[in-house]
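Here's the letter readout for the chains.
Protein chains: 6
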Amino acid sequence: MVFLTRRATFSASHFYWNPAWPAEKNEQVFGRCSNRNGHGHNYTLEVTVAGEPDPVTGFVVDLKWLKAAIEREVLNDFDHRHLNLEVPEFAISDSGATIPTTENIAIAVWKRLEPAVKAAGGARLSCVRVYETPEIFAEFRGQP
Amino acid sequence: MVFLTRRATFSASHFYWNPAWPAEKNEQVFGRCSNRNGHGHNYTLEVTVAGEPDPVTGFVVDLKWLKAAIEREVLNDFDHRHLNLEVPEFAISDSGATIPTTENIAIAVWKRLEPAVKAAGGARLSCVRVYETPEIFAEFRGQP
Amino acid sequence: MVFLTRRATFSASHFYWNPAWPAEKNEQVFGRCSNRNGHGHNYTLEVTVAGEPDPVTGFVVDLKWLKAAIEREVLNDFDHRHLNLEVPEFAISDSGATIPTTENIAIAVWKRLEPAVKAAGGARLSCVRVYETPEIFAEFRGQP
Amino acid sequence: MVFLTRRATFSASHFYWNPAWPAEKNEQVFGRCSNRNGHGHNYTLEVTVAGEPDPVTGFVVDLKWLKAAIEREVLNDFDHRHLNLEVPEFAISDSGATIPTTENIAIAVWKRLEPAVKAAGGARLSCVRVYETPEIFAEFRGQP
Amino acid sequence: MVFLTRRATFSASHFYWNPAWPAEKNEQVFGRCSNRNGHGHNYTLEVTVAGEPDPVTGFVVDLKWLKAAIEREVLNDFDHRHLNLEVPEFAISDSGATIPTTENIAIAVWKRLEPAVKAAGGARLSCVRVYETPEIFAEFRGQP
Amino acid sequence: MVFLTRRATFSASHFYWNPAWPAEKNEQVFGRCSNRNGHGHNYTLEVTVAGEPDPVTGFVVDLKWLKAAIEREVLNDFDHRHLNLEVPEFAISDSGATIPTTENIAIAVWKRLEPAVKAAGGARLSCVRVYETPEIFAEFRGQP
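Residue numbers (the working numbering), protein chains in the order written: chain A, 1458 to 1601; chain B, 1458 to 1601; chain C, 1458 to 1601; chain D, 1458 to 1601; chain E, 1458 to 1601; chain F, 1458 to 1601.
So that you can see chain A by itself, here it is in the shape it has in the complex (with noise of 0.2 angstroms):
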């Protein structure tokens, strides 16, 4: 079993907003974060899965197929996008919102990979990191 990881980039904006809360304990839970105007990053992913290599390929995935499922599942409907206002899964609505900490972004991407990693077959997903900066990030392996 060998763990491939491809990394890859998106530009987004967002803000820590929930809806049921007054503007005042948005600030105090969320701080600089609740600002409505929104602010923005430059995240890093890194997506990985793990399979046998294929024994006349030498690959666990093919890396452009892999570059390409990222860009269509993810970087399309995330890069230059406020995830809060474009991203149907941070979609604020009148009972609340999925807030996009990094957290929720990785497990997001986790979900929009991981049935075009099993459809491809070979191999499967082992692991999303989403790096919000180079000092906060988050990884999610799946449900065990």
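One should not assume that every hint holds.
As the list claims (entries may be wrong) - List of simulated lysine to any residue pairs, SDA-like, C-alpha gap at most 20 angstroms:
hint, chain 1, residue 1, chain 2, residue 2
1, D, Lys1524, F, Lys1575
2, F, Lys1521, D, Thr1466
3, F, Lys1521, E, Asn1492
4, A, Lys1521, D, Asn1483
5, D, Lys1524, C, Pro1591
6, F, Lys1524, D, Thr1466
7, C, Lys1482, D, Thr1514
8, E, Lys1521, B, Gly1488
9, A, Lys1521, D, Lys1524
10, D, Lys1524, D, Cys1584
11, B, Lys1568, E, Asp1511
12, F, Lys1575, F, Gln1600
13, C, Lys1521, A, Lys1521
14, F, Lys1521, F, Gln1600
15, C, Lys1482, D, Val1513
These aren't lab readings, by the way, just hints derived from the structure by calculation.
As the structure is a computational prediction, the values presented were derived from the model and not from experiment.
We have chain A; now place chains B, C, D, E and F onto it with these hints.
Leaving out everything else, chains B, C, D, E and F in the frame of chain A:
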């Protein structure tokens, strides 16, 4: 003469939009950056001052002072903000706007820091470098 | 389960010296690190906690809290300090000393942070990684 | 148990080519990597060993020994070499070839280092990570 | 005047060999780089242009144009290529060869890009920096 | 003219202390750096030489020579050392001391390397950059 540099970072949103142009022209010139929901970056700032090291302290400037000056003059207004909507240099008016490109951010940071460095005496501002991403950066070294 | 990591840095001095050995043996085993005047590093710390993101905040832990805990439990005692002379875990006594290798620093940081993370509830400490240089790092993940 | 990692780098050439396929299929599967003049990379290697720190030295392994083992077992044969033409694991024969993909390089490095770490005693080889570029890396952790 | 830089990368093979010298002298002067099977690097290119930001767009140059120019003039010929065997500037003839050192690559990249930047108008090429590894880089700033 | 740079690293301890001042003033001016037990850094050095590439070798200088010169003139005395206690430029005497700030280290490295580069002929020392941390660096380019 020694050139001393302090790095700092801030996270902000922006978009590229000329209010004098129709949407089509904005999209053609600015591409994905014209999305008015905004997108964002982890900006890195490198502020360079030049001067003779003080013979007693060995300092060109006190780096604690320089860090505080960058926070007061720049980061407090730029970090976790939307550059077009919250930073006056990039405000959009009927007559147009200064687009928050990396080039214009470098000039704006210079104009904010240069009076503070001059007032402190002893060293002069030599260069402001702004990274929008690790792949793109702009430098302003003042007017000749 | 999501694994959330916060990076922090500190600058410290140390040397490698076993008081039960003669100087020659210290030099033979520890090489240039046995210089008792000390040398130093910019250490980078990666602290990983594991847990379910809170359904309302999207946080595994509040990163502001985690940053403050790392400062309070570790950085205040380690940063700009001499590890052998000022940090109790590495004090030299007649009976010996715990050498401040990267391995032992990782264990010491874990032991300082683990009770604070446990007391906060909701997430568990998963991993402490310490970089002595970009080329050398050690990880401790607790006792199995 | 502590996991201790030493990073090393080497610069090498390679190409991807299956001698059992016609040129068209090699180009289709391997793209620009199929250029038989070769191209090259600055590879980064991260070698992780796992064990208990020695109570006297604080070492999981002596990093001077580990560095020398990596040089002797891997770098002397891989650095400034053409992997397909000069490294036996990737030699091309009539019956085929093990393609020097990042995946296969990770396995080859593991097989070279594992006996040396085992012979030294005290720690076991835990992981070999190979970066082909900062964007692509593979890990091998031995057979389960 | 603002200095705007775009970074790009390419992976290539090369070797150092002067056809006018016997093998012994090539090995003595060029060391491991004289291996004629070639070795390779992930080169990083930093292309800096200088000019006044356009008052409407805020651009010194359009970075999409600059990226395309670097790809067209440099990367298409250099990436995944063997510099000595496939790039005309470094071709080996009976009368000698321009060795693809980092210094000479910087000059070659400048000569390829300078006419394109000049033809585009508005900004001038200011600097080409080439990293052979993170530890070695060369800059060419044109003839004075 | 090409500017060629070689990077090197060393790990050292230092503190900031003016023997002509009382302890309170040292603490006030130098903050945590005034701790006389010392603290340390992984310093990164970038040494830039300028000259015409040799038409035969393509070298501004032989990088193997430059690396050896940096080791001989600087690293042998600075690496794994306490700058105040072991490097003569920063020795503390009754009449005062040159504080080992990043600025003064850059000047000291220049003064050590400049005669060696001049004696070698063909290229001149152009710049010495010293990083104390990734966030702080100083450059010395000689006297005008």
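Verification of the supplied hints:
{"no.": "1", "hint": "Lys1524(D) x Lys1575(F)", "verdict": "violated, 35 angstroms"}
{"no.": "2", "hint": "Lys1521(F) x Thr1466(D)", "verdict": "holds, 17 angstroms"}
{"no.": "3", "hint": "Lys1521(F) x Asn1492(E)", "verdict": "holds, 16 angstroms"}
{"no.": "4", "hint": "Lys1521(A) x Asn1483(D)", "verdict": "holds, 14 angstroms"}
{"no.": "5", "hint": "Lys1524(D) x Pro1591(C)", "verdict": "holds, 14 angstroms"}
{"no.": "6", "hint": "Lys1524(F) x Thr1466(D)", "verdict": "holds, 17 angstroms"}
{"no.": "7", "hint": "Lys1482(C) x Thr1514(D)", "verdict": "holds, 11 angstroms"}
{"no.": "8", "hint": "Lys1521(E) x Gly1488(B)", "verdict": "holds, 9 angstroms"}
{"no.": "9", "hint": "Lys1521(A) x Lys1524(D)", "verdict": "violated, 34 angstroms"}
{"no.": "10", "hint": "Lys1524(D) x Cys1584(D)", "verdict": "holds, 15 angstroms"}
{"no.": "11", "hint": "Lys1568(B) x Asp1511(E)", "verdict": "holds, 18 angstroms"}
{"no.": "12", "hint": "Lys1575(F) x Gln1600(F)", "verdict": "holds, 15 angstroms"}
{"no.": "13", "hint": "Lys1521(C) x Lys1521(A)", "verdict": "violated, 39 angstroms"}
{"no.": "14", "hint": "Lys1521(F) x Gln1600(F)", "verdict": "violated, 27 angstroms"}
{"no.": "15", "hint": "Lys1482(C) x Val1513(D)", "verdict": "holds, 12 angstroms"}
In this structure, the hints that do not hold are numbers 1, 9, 13 and 14, in rising order.
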